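Residue numbers (the working numbering), protein chains in the order written: chain A, 38 to 293; chain B, 38 to 293.
Please keep in mind that the hints were generated in silico from the structure rather than gathered at the bench.
Predicted, not measured: the structure shown is a model, and the values here were computed from it.
You may find that some hints are simply not true.
Heads up, the list lumps identical chains together, so a pair's fine if it works in one copy or across two of them.
Below, simulated EDC-like cross-link-like pairs (lysine to aspartate or glutamate); rule was C-alpha separation at most 16 Å, straight line [said to hold, decoys possible]: (1) K95 / E160; (2) K289 / D103; (3) K289 / D173; (4) K219 / E285; (5) K40 / D68; (6) K187 / D237; (7) K187 / E61; (8) K40 / D177; (9) K236 / D89.
Protein chains: 2
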Amino acid sequence: MAKPLILVSNDDGITSKGIRVLIETMQQLGDVVVVAPNSPQSGMGHAITIGDTLRLEKSNLFSNVDAYECSGTPADCVKIAKHYVLKNHQPDLVVSGINHGSNTSISVLYSGTMSAAIEAALEGLPAIGFSLCDYDSEADFSHVIPYIIKIAQQTLAHGLEKGIALNVNFPPKQNEPIKGIKICKQADAKWQEEFDERKDPYGRRYFWMAGNFVNFDTGTDNDEWAIANNYVAVVPCQYDLTSHQAMETISKRWEL
Amino acid sequence: MAKPLILVSNDDGITSKGIRVLIETMQQLGDVVVVAPNSPQSGMGHAITIGDTLRLEKSNLFSNVDAYECSGTPADCVKIAKHYVLKNHQPDLVVSGINHGSNTSISVLYSGTMSAAIEAALEGLPAIGFSLCDYDSEADFSHVIPYIIKIAQQTLAHGLEKGIALNVNFPPKQNEPIKGIKICKQADAKWQEEFDERKDPYGRRYFWMAGNFVNFDTGTDNDEWAIANNYVAVVPCQYDLTSHQAMETISKRWEL
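Just chain A, with the same shape it has in the complex (with noise of 0.2 Å):
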């Protein structure tokens, strides 16, 4: 059987530890081809580069693995992966991170790991966005490489259903092993910000957004949950985005 070929990329940058991992492990499951970003892209959700134009750059980082530095998002880089880089080669599977940083609940929506691998389910492709719940650049992540292998093999092995992405988030590395693996729902919890207030020094405010995690869900289904008892979460994300009960509702009771 042909090695599937991977494509890996991140929201972190091409230069992070976090890919690099996630590289090596790839390489123990196939071909491996990268498109990241040339910088740090954290927060930048399903952005995309419009009304302006997009470096690609070879990049030598890597050993034995065709890779390239992007100036775009990371939904810039899966697209342009797709349709020029790969335009001939349709990947098996797209895989992004390992970011440095929790992807649990809300904060899907403003994870650039999870629309580069959101835009690879809307090409077809069965994607997983990888997080490790820990901010450190140079954060462990030996203890979720079995992981993710068995987490890729099995999408490789099964697919995904149409318009689906894999969040799969990690607890960061604890004196006790990983519990297992616990496919839920995003946890119903959200960022509360604060704003810090200064002077620049010529007299002008600025400021800084702070968030706080306040967490609202006090079942056992939820991501945020399985990261808190050890055990690694799994997530199936849809694009679709229309709520069939608010249809309902609204069909019902208001006068449109």
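Once you've looked at the hints, dock chain B against the given chain A.
Relative to chain A, chain B alone:
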């Protein structure tokens, strides 16, 4: 009854025609506060500003309206409006737009207009993104104003369920009047990119990304159908991306 407080934002920037029309329309319904980007932010998706500062300046563009321009993304604008500008005055409604261009179907993911509305929904506020399917910066918005008023009034009267924001798209001005409003789902469609490769004056390559919209949806219950048939398309969007169907499939079939 006290007049409702309405927050207005957008993604085309505070100087666009679309936001001016939306502000004037909302002034018929309540007191208006504006916090909008100081530059165009199309295609920013749900990007937020992390690791950089934000500016917020008073704007005198509109008469009788408390308005601010912000250096951040549409989602940033809603955050700073909610937690700083309107810290002590919860808005009754948040509206975003009117976008110069379509945000139907999958464009909702890339849309800064809708990210402002979804960010407001996250804050528990009733929120609507309005878009006109006409990219002209001097587009004619006159035919949509009665529909904006009707939809905003119904949203104020009934509220929206937790976790929902409305994505409202209007057909461009035509000879025939708009036929009515359709509550519908996000069409199954995508952007098919092409990358136009060029050389800069220094001989280095760069790319323009160009997209062709491809509609796979043959149904009559979706936003693309509504717009093509001169109806207003109202899609209730949820920010919980969990696919419960895929959770079930994966739990049953995968070996994890």
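Taking the hints in turn, this is what the structure says about them:
1. K95 / E160: Neither, since 23 Å and 43 Å both go past 16 Å.
2. K289 / D103: Neither way: K289 and D103 sit 55 Å apart in one copy and 36 Å across, limit 16 Å.
3. K289 / D173: neither (50 Å within a copy, 35 Å between copies)
4. K219 / E285: Between. Shortest inter-copy distance 12 Å satisfies the 16 Å Cα cut-off; intra-copy 32 Å does not.
5. K40 / D68: Intra 6 Å, inter 62 Å, cutoff 16 Å: intra-copy only.
6. K187 / D237: Neither: 50 Å inside a chain and 45 Å across chains, both beyond 16 Å.
7. K187 / E61: within (15 Å within a copy, 56 Å between copies)
8. K40 / D177: neither (28 Å within a copy, 55 Å between copies)
9. K236 / D89: Answer is between: at 14 Å across copies they meet the 16 Å cutoff, but 32 Å inside does not.
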